[in-house]
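Asker: Generate the whole structure from the sequences, applying the supplied hints.
In case you want the letters, here they are:
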Amino acid sequence: MALCTILRCASGSLTSSLPRLSNRNARTPAGLIARTCYKRGLSTTTRFCAALKFTDKHEWVRVDSGVATVGISNFAQEALGDVVYCGLPEVGTKLAQSDEFGALESVKAASELYSPLMGEVTDVNDALADNPGLVNKSCYKDGWLIKMTVSIPEELDGLMDEVAYERYIKSIED
Amino acid sequence: MVLRLSNRACVLSGSARLKSTLSTYFDEMGKAGIILKSASTGIFENLALEDWIPDRVDLQNRSMLLLWRNSPVVVIGRHQNPWQECNLPLMRRLGIPLARRRSGGGTVFHDFGNINMTFFTSKKKYDRHRNLKVVTSALKALRPDLDVAATDRFDILLNGHYKISGTAAKLGRTSAYHHCTLLCSVDRSILSSVLKSNTSEVIKSNATPSVPSPVKNLLDVDPTLDSNTIMDAIASQYSNEFGFDSPVITVDPTHEGLMPGIHKMAQDLQTWEWIYGRTPKFSVCSSIVVDDVTIKLDMDIKNGAVGQCAMEIPENWLPSEMVNEFTSTLNGSNYCPNETAVLMAAFMRTVSMTADVAEKIHRLCAGVVSVM
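Order-wise, the sequence lines are chains A and B. Each residue of the first sequence is one higher than the last, beginning at 0 in numbering that gives the first Met the number 0. Each residue of the second sequence is one higher than the last, beginning at 0 in numbering that gives the first Met the number 0.
Rather than coming from a laboratory, the hints here were simulated on the basis of the structure. Be aware that one or more of the hints could be misleading.
Unchecked claim - With a straight-line Cα cutoff of 20 Å, these simulated SDA-like cross-link-like pairs (lysine to any residue) come out:
| no. | chain 1 | residue 1 | chain 2 | residue 2 |
| --- | --- | --- | --- | --- |
| 1 | A | Lys107 | B | Thr150 |
| 2 | A | Lys169 | B | Lys123 |
| 3 | B | Lys122 | A | Ala75 |
| 4 | B | Lys124 | A | Val106 |
| 5 | B | Lys122 | A | Glu172 |
| 6 | A | Lys146 | A | Asp125 |
| 7 | B | Lys123 | A | Phe74 |
| 8 | B | Lys123 | A | Ile168 |
| 9 | A | Lys146 | A | Gly91 |
| 10 | B | Lys30 | B | Ser19 |
| 11 | A | Lys56 | B | Tyr125 |
| 12 | A | Lys169 | B | Lys124 |
| 13 | A | Lys93 | B | Trp273 |
| 14 | A | Lys107 | A | Asn130 |
| 15 | B | Lys295 | B | Glu324 |
| 16 | A | Lys56 | B | Asp57 |
| 17 | B | Lys203 | A | Asp125 |
| 18 | B | Lys359 | B | Ser327 |
| 19 | A | Lys56 | B | Arg101 |
| 20 | B | Lys122 | A | Gly80 |
| 21 | B | Lys124 | B | Gly29 |
| 22 | A | Lys107 | B | Ala149 |
| 23 | A | Lys107 | B | Ser209 |
| 24 | B | Lys301 | A | Asn124 |
| 25 | B | Lys280 | A | Thr121 |
| 26 | A | Lys56 | B | Lys123 |
| 27 | B | Lys301 | B | Thr339 |
| 28 | A | Lys56 | B | Ser121 |
| 29 | A | Lys140 | A | Phe74 |
| 30 | B | Lys203 | B | Pro279 |
| 31 | B | Lys124 | A | Ile171 |
| 32 | A | Lys93 | B | Asn302 |
| 33 | A | Lys136 | A | Ala78 |
| 34 | B | Lys122 | A | Val106 |
| 35 | B | Lys280 | A | Ala126 |
| 36 | B | Lys301 | A | Asp129 |
Answerer: Structure, rendered in C-alpha cells:
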C-alpha cells in the first residue's frame, strides 16, 4: 500500500530512482532515512523532507513532494551585499550536482551558483527579475531561486542539516 | 619548458618532452605569488585564460596577477545588454568585436593603450581595495605627484574627477578574481563613440546598466608614462604589497598543451549564444518611418531571439495578412541584422507580392534591422 502511494505521488524521476533505493542496503542509516522519508513524506509533510539542507557553497535545498526548492543562505546573502541581478537558468535545464547554474550579481562581484543536486529545473523565480533584492530580504522564502527535480535522493544525505551548517559557518568565520 | 630571458622574466614555451601543464609548473615552482603576462592580444584567448586559471590552478595557498592588453574590443559585463551599452552598427563598420566577460560590472573599451590586471586569489583572500592599492601605489612610485585614488565603487580617479580604471569581479567555487582596467593611452574618440548606444531609448530592460564617467588617459597628464613602464611598476608593487618573490612569466594562452581545455573555453566565449544570447530578456518599442508612414514596432527578445513581434502598420499601406506573415517570419529568429536580412530575402522570394509591396517590405526590413 505504501509502495502504491509512493508510485502514485512521486515525480517521474523519483520513481525511476526507487529501484536504486530498494537495491541499496536498507540497514545503512542513509538507506533507512531515505526510505522513511519517502514512505512518510507523502501523506503528511514530515520535518524530514521539508527541513532545510545546506551545501558548503551556502545554498539551501528544501524538498517537498519530490520537488527541490533552492536558494542561498542568510550567511551568503549578507556576504554578497545587495543583489542587483539574478542570472538564472531556463526551465528544462539539466544539472548535475555541483554544476554551475547561474550567478548573482551584487556590488561585491558576480557570484556563481552551484547546483546542490542532480535534477532538472522545473521552475525559476520570475519575481527576481524585477525585484532581485528579494534574495537579500527573504532568502529562505520569497527569494528562492529555482525549483528542480531530485534525480538521486541520496545526494540529500550528503548535505548539511541546519545544525551542521551553523557549525560550518562558525568554523569558516574563525 | 622555461626560457629564461633574465633573472626576473621568463617565457614558457612548449617542448617535445613537455609533460607538465602550467598548473604543475606552478606547483613545482612553489611560489606563493606568481605574476603572469599574456603573450596574446586576443580578447577571447585572454578571457579564456581568466577562466582556465581558477579552474585548473590551486589558488588556496597561492595568488596570481595576470597582466594583459587587447586589440580594440568592447567588453560587456555578464548581465548586460549590448544593444543598450554600445553602438553595434558602428562597431561592425569599424571591425571592433564585442565580447561578454563572466564577471559582473559595466561596459569598457579596450585597445593597446589599456592595461588589464586580474588578481586571482582564494575566496578568503579576495580584497579589491588591497589590489587597487597596488595600482595606485605603483603609479605614485613612478610619479609621486600623480593624484590617483580609489573610490568606494572601486574606480580609480585621476585628479579626483576622471575615471582611469574600473573594476569587476567573479567569485567561483573556491577562488575569486578581481580584474580592472587602466587607461594609459586609449583612443578616446573611438571609446566615446562606440560606448554610446544608438538604440538605448527604444529598449526596456532590467539588465545591469553601466555608469558612464568622464575618462582621461594617464598619458594626457604625463606623456612619459607608457604602458610597459606602468606594467613593470605594477608587477613590482604587487610583489612588495603581498611579500611575494616572483619572476614575471609570459604565457601564450593559445598553447593547449600547456593549458589543456583552454581552446574550448575560448570557443565557448565566442559563440553567439554567449555573447548575445545571454542578454537578459528585454523589449524593443520603436517607431520606424518609411515613406512618411510611421510604423510602430514591438518586439520581445529572450535569449537573444525574437519571442514576440508586433507591428502597427496602416492597413492601406500594407495588407494585414502580409504584415502577419512578416512578423511570424521574425518570430524565433535571432535578434541579429545578418540573420534577419537573410530571413527577409527568403521571405521576399517565397511569398508572392507585387513590386510595389516588395519595395515597401524591403524598406520595412531595413527599418527593423536598423534597431539591431
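Asker: Take the hints in turn and mark each one as holding or not.
Answerer: Status of each hint after checking the structure:
1. A:Lys107 / B:Thr150: At roughly 14 Å apart (the allowed maximum being 20 Å), threonine 150 of chain B and lysine 107 of chain A satisfy the hint.
2. A:Lys169 / B:Lys123: 14 Å, holds
3. B:Lys122 / A:Ala75: Roughly 13 Å separates the two Cα atoms, so the pair holds.
4. B:Lys124 / A:Val106: With Cα atoms ~17 Å apart, lysine 124 of chain B and valine 106 of chain A stay inside 20 Å; holds.
5. B:Lys122 / A:Glu172: 13 Å, holds
6. A:Lys146 / A:Asp125: 12 Å, holds
7. B:Lys123 / A:Phe74: Holds, at about 14 Å.
8. B:Lys123 / A:Ile168: 13 Å, holds
9. A:Lys146 / A:Gly91: 11 Å, holds
10. B:Lys30 / B:Ser19: Satisfied, since the Cα-Cα distance of roughly 17 Å is no more than 20 Å.
11. A:Lys56 / B:Tyr125: Within the cut-off at roughly 16 Å; holds.
12. A:Lys169 / B:Lys124: 18 Å, holds
13. A:Lys93 / B:Trp273: 18 Å, holds
14. A:Lys107 / A:Asn130: OK: lysine 107 of chain A and asparagine 130 of chain A at ~18 Å, within 20 Å.
15. B:Lys295 / B:Glu324: The hint holds at about 16 Å.
16. A:Lys56 / B:Asp57: 18 Å, holds
17. B:Lys203 / A:Asp125: Holds, at about 17 Å.
18. B:Lys359 / B:Ser327: 17 Å, holds
19. A:Lys56 / B:Arg101: 19 Å, holds
20. B:Lys122 / A:Gly80: Judged against 20 Å, a Cα distance of about 15 Å means the pair holds.
21. B:Lys124 / B:Gly29: Holds, at roughly 18 Å.
22. A:Lys107 / B:Ala149: Roughly 15 Å between the alpha carbons, so the hint for lysine 107 of chain A and alanine 149 of chain B holds.
23. A:Lys107 / B:Ser209: OK: lysine 107 of chain A and serine 209 of chain B at ~15 Å, within 20 Å.
24. B:Lys301 / A:Asn124: Holds. Lysine 301 of chain B to asparagine 124 of chain A sits at ~16 Å (cutoff 20 Å).
25. B:Lys280 / A:Thr121: 19 Å, holds
26. A:Lys56 / B:Lys123: 13 Å, holds
27. B:Lys301 / B:Thr339: Roughly 16 Å between the alpha carbons, so the hint for lysine 301 of chain B and threonine 339 of chain B holds.
28. A:Lys56 / B:Ser121: 14 Å, holds
29. A:Lys140 / A:Phe74: 15 Å, holds
30. B:Lys203 / B:Pro279: 11 Å, holds
31. B:Lys124 / A:Ile171: Holds, because 13 Å separates the two Cα atoms, which is no more than 20 Å.
32. A:Lys93 / B:Asn302: 17 Å, holds
33. A:Lys136 / A:Ala78: 13 Å, holds
34. B:Lys122 / A:Val106: Holds. Lysine 122 of chain B to valine 106 of chain A sits at ~16 Å (cutoff 20 Å).
35. B:Lys280 / A:Ala126: Measuring from Cα to Cα gives roughly 14 Å; hence the hint holds.
36. B:Lys301 / A:Asp129: Holds: lysine 301 of chain B and aspartate 129 of chain A sit about 15 Å apart, inside 20 Å.
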